[in-house]
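Q: Protein chains in written order, with my numbering: chain A, -5 to 322; chain B, 8 to 324; chain C, 8 to 314.
Treat the hints with care, as some may be off.
Unchecked claim - What follows is a set of in silico ranges between Cβ atoms, one per label pair, in the way DEER data are often shown: (1) C:N271 to B:L105: 23 to 33 Å; (2) B:A286 to C:F58: 32 to 42 Å; (3) C:F54 to B:F36: 34 to 44 Å; (4) B:L253 to A:E54: 30 to 40 Å; (5) A:T178 to C:F54: 34 to 44 Å; (6) B:Q186 to C:N271: 42 to 52 Å; (7) A:L276 to C:L62: 34 to 44 Å; (8) C:I59 to B:D81: 55 to 65 Å; (9) C:S33 to A:T178: 34 to 44 Å; (10) C:M76 to B:G171: 29 to 39 Å; (11) A:T11 to B:L105: 28 to 38 Å; (12) C:T67 to B:F36: 32 to 42 Å.
These are computed hints drawn from the structure, not numbers from a lab.
Bear in mind that the values here come from a model prediction, so they are computed numbers and not experimental data.
Note that beta-carbon positions come from the ideal geometry of N, C-alpha and C, so glycine has one too.
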Amino acid sequence: MTDHLLDIEHLSTYFYTEEGTVKAVDDVTLHVRPGETVCIVGESGCGKSITAMSIMGLQEPAGRVVNGRISLEGTDMLTLSKNAKRAIRGKEIAMIFQEPMSSLNPVLTIGQQIMEPLMEHLKLGKKEAKRRAIKLIEQVGISRAEQIAGSYPHELSGGMLQRIMIAIAISCKPKLLIADEPTTALDVTIQAQILDMLRQFKAESDMSILLITHDLGVVAEMADYVVVMYCGKVVEQGEVCELFEHPKHPYTQGLLKSKPILNQRQEELYSIPGQVPNPLELTESCYFHERCQHCMDICRVREPKLKNVGEDQQAACWLYEEEVLTHG
Amino acid sequence: MSSYLVKRLSYIIIILFAASLLIFCLYAFTPGDFISGNIKLSPERKAELREIYGLNKPVLERYGIWLKNAFQGDFGFSLAQQRPVLKLFNEYIWNSFLLAVVSTFFTWLIAVIIGVIAAYKQYSWFDSLIMVFIFAAMSIPSFFIGLLLIKICAVDLKWLPPGGMTTTGSNATGFAYIQEVVRHMTLPVIVMTLLGLGSLTRYFRSNMIDVIQQDYIRTARAKGTKERKVLFTHALRNALLPAITLVGFELPGLFGGSLIIEKIFNWPGIGQLYMSSFATRDYPLLMGFTMFIAILTVIGTLLSDLLYSLADPRVKL
Amino acid sequence: MSSVSGNLAAGKAQSPPVKSSLWKQSFKRLRKNKLAMTGFIIVVIMFLACFIGPLFSPYTENQINMRIMNKAPNLKHWLGTDKLGRDVLIRVLLAGRISLTVGFAAMALSVIIGSLLGAIAGYYRGIVDQIIMRTADLLLTIPGLPLLFISGALLSAWKVPTDYRMYIVMLMLSLVGWPGLARMVRGELLSLREREFMQSTIVLGLRDRRKLFHHLLPNLAPLLIVIATLNIGGSILLESVLSFFGLGVIPPTPTWGNMIDSANNLIDFQERPWLWIPPGFCIFATVIAINLFGDGLRDVLDPKHKR
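Sequences are here, hints too, so could you generate the full structure?
A: Below you can see the structure in the form of structure tokens.
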């Protein structure tokens, strides 16, 4: 418990819409240790981004954390005052987003945007902040840093902007970096560079990374620990090698199966049959039952709980509940 | 860009030309003229005056003369005041401008502030209150609110003068004069600000709502930027940018005065000049005023279009 | 392409989603909008009061009674009496009939003229488009208020009988109202034309009229309803301005605008506010109610508009 950097326990974040309540994050528990990279995997809309936003307190005002605890090194994030939370954002926990093109303010210069957290959190003066900003730009591998600092976001490419986002994120040496699909919007070659850079900074500063992605290739490359989410719930989690070698939940199995493998021609790309259910119409059940090959009666009416299925691996699936196996 | 401008400008000239012909005919066909309204004149004298002013010529010929002079920068003589129309404009326009500039300033200032706050607190009770206020401001008959304020603030409570620009018979100078004018313009400025506030506040509110949902606002918050700074540095700048196109549309209002407000408050501006000339059918003045507004309108529209291309993030800066 | 061939059999091209269920859904959402519903109720009350209310009044419009001239509001005359001893309340209600009628009729005329001309311009393009849109440009260039003032002065000069004036005022208001509308409709139509379902009507070889009235205009309906509603308020305001300056509908036909004219009399203005405040307040209440309702309509009907 105490060796965790971040503890999320029974987190539930709901969105109250005209049509009804959407349980975007539903009773999620996960932990991040210092220096560890945890990946949250899942299809779009499974609640992985909202989980990250909830950590930062950025899900507001549309979404509300209705239950659970988020603590960073023992500090309860949810009970903190707005100002105290703000002081942690950008300093202790930094975040980078999916769309570098729209994530930077079009009317402020790159330099101004990097200087902002430096002046806010480290209380640097303007000159010193500027000097640091230029150094940070160099650190993320962009030449002509001085010139770049004075330019506006629309003058830079997506890959460069994502580097700038990383520069902003690491500017105050955070303990945790949340990266929400950091490479999805980028070209493949640039993706690799960005991931390398994240790994490098992690190694240099011993920060933890919470990486959110739908790309299992990225997971394989980056993760120490994997959390698979489906419809706002954690369906399986475990140490990366174990999970990749012995996926237990049918959804994880499906995900891994649908990942194309290089040098290995498949007749047809596998895809999980069916569609993600409408979040407004969920009733107690295993939310994956409609798409599951192993669906049993109980899956339609009762929700499975996370259960140890390996040394460092848990899955929420009735297939691994002994009572069902013996009676069903 | 320059060929676009040439095209636009030549179209503007054609439209203005057509508009001037139409307006001239309308004024000319309105029965009764400046001379027939004057009962002190004998029929012979009237005929003589018509001859002098060229009022007995066919409409098209009169239009031709007017147009020729107008091209030379001569908009004729006011019949009632016996002075060149342009001279009169120059005299009255600055009074109108004073009123318009001050009220435009307050309108923008207040609209930006409450627009931003309402957007930030979207769907809160404050926002609902602002929405009702916006609709109220857009639904008030201008002359009625003017009359009501005069009745309450000037007649009943005697806080402020009911109209005019200076107190009758006053010969105050220097600071006392400024004070007097400020007191006189308070009510009309309040009314004009109120009238403009509705749509502008709404504009800024919806602009801000759009901007607040942008990714870069989320980034700013993720950096731990202070909320005030998120709003006023990050969001407001982006929300204000498209508003520069509105500057063009303000043009006719800034220089063209306000017919109704100036009439109600007896403010010696160009709108008031028009209203009194309308009663006496002082054609050169009416014609000049109407064309003046038409020109301001088309130039304002052109200006807005040009500014719009500047506001585009890929063209700007 | 399968949907087009399927429809060929039915002899009808498929129109995009203007379905009754969509309308139903919209009205369900509208009913939830408190501000809009409040506006709607005020408009209904105003209509009932003006059109049915006078039937229950013991007074008539021109019932002159010199013994009760200029009385302040009292129990017998809720809004007092005017200089001829006429009941102000009944006059306000009857004036409301005229003002509301003029406002609604002017809107209807503007919308009919504007959408028809805009649709024709946008549909046929070419020379027709040029003529219509250049006329609209011309009318938009001439400042509206002076144009209306001149027209009003023309009416007075030609001694148009007061009974007819309200009809001509409607026409005048629609004259300044239609160009903006035509522009909007044309723009909307041009973008609709490019959409797929219109391409399929070409494949089907439908006649122009059918295309225009059965496929294009129905798709404009939501937009038109919204603009029309918001236009009513503007028309009522403009009519009141004109009538206030004696250039719109003139006495003895009462409208809210020309009733406020009594404020031009110094003593009435200072001493007898019951003569001119009630009609002004009626204008305000009606217009704000219509605008609130119109805005609510826009929220549910116009998908492109964001609050």
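Q: All the hints need checking, so say for each whether the structure fits it.
A: To see whether the hints hold, each was checked on the structure:
1. C:N271 to B:L105: 23 to 33 Å: 26 Å, holds
2. B:A286 to C:F58: 32 to 42 Å: 36 Å, holds
3. C:F54 to B:F36: 34 to 44 Å: With Cβ atoms ~38 Å apart, the hint holds.
4. B:L253 to A:E54: 30 to 40 Å: 32 Å, holds
5. A:T178 to C:F54: 34 to 44 Å: With a Cβ separation near 56 Å, A:T178 and C:F54 fall outside 34 to 44 Å, so the hint is violated.
6. B:Q186 to C:N271: 42 to 52 Å: With Cβ atoms ~30 Å apart, the hint is violated.
7. A:L276 to C:L62: 34 to 44 Å: Since the Cβ atoms of A:L276 and C:L62 sit about 58 Å apart, the hinted range of 34 to 44 Å is violated.
8. C:I59 to B:D81: 55 to 65 Å: Check passed, 60 Å falls within 55 to 65 Å.
9. C:S33 to A:T178: 34 to 44 Å: 36 Å Cβ-Cβ, so the 34 to 44 Å window holds.
10. C:M76 to B:G171: 29 to 39 Å: Given range 29 to 39 Å: holds, Cβ gap about 32 Å.
11. A:T11 to B:L105: 28 to 38 Å: 51 Å, violated
12. C:T67 to B:F36: 32 to 42 Å: For B:F36 against C:T67, whose Cβ atoms are near 39 Å apart, the range 32 to 42 Å holds.
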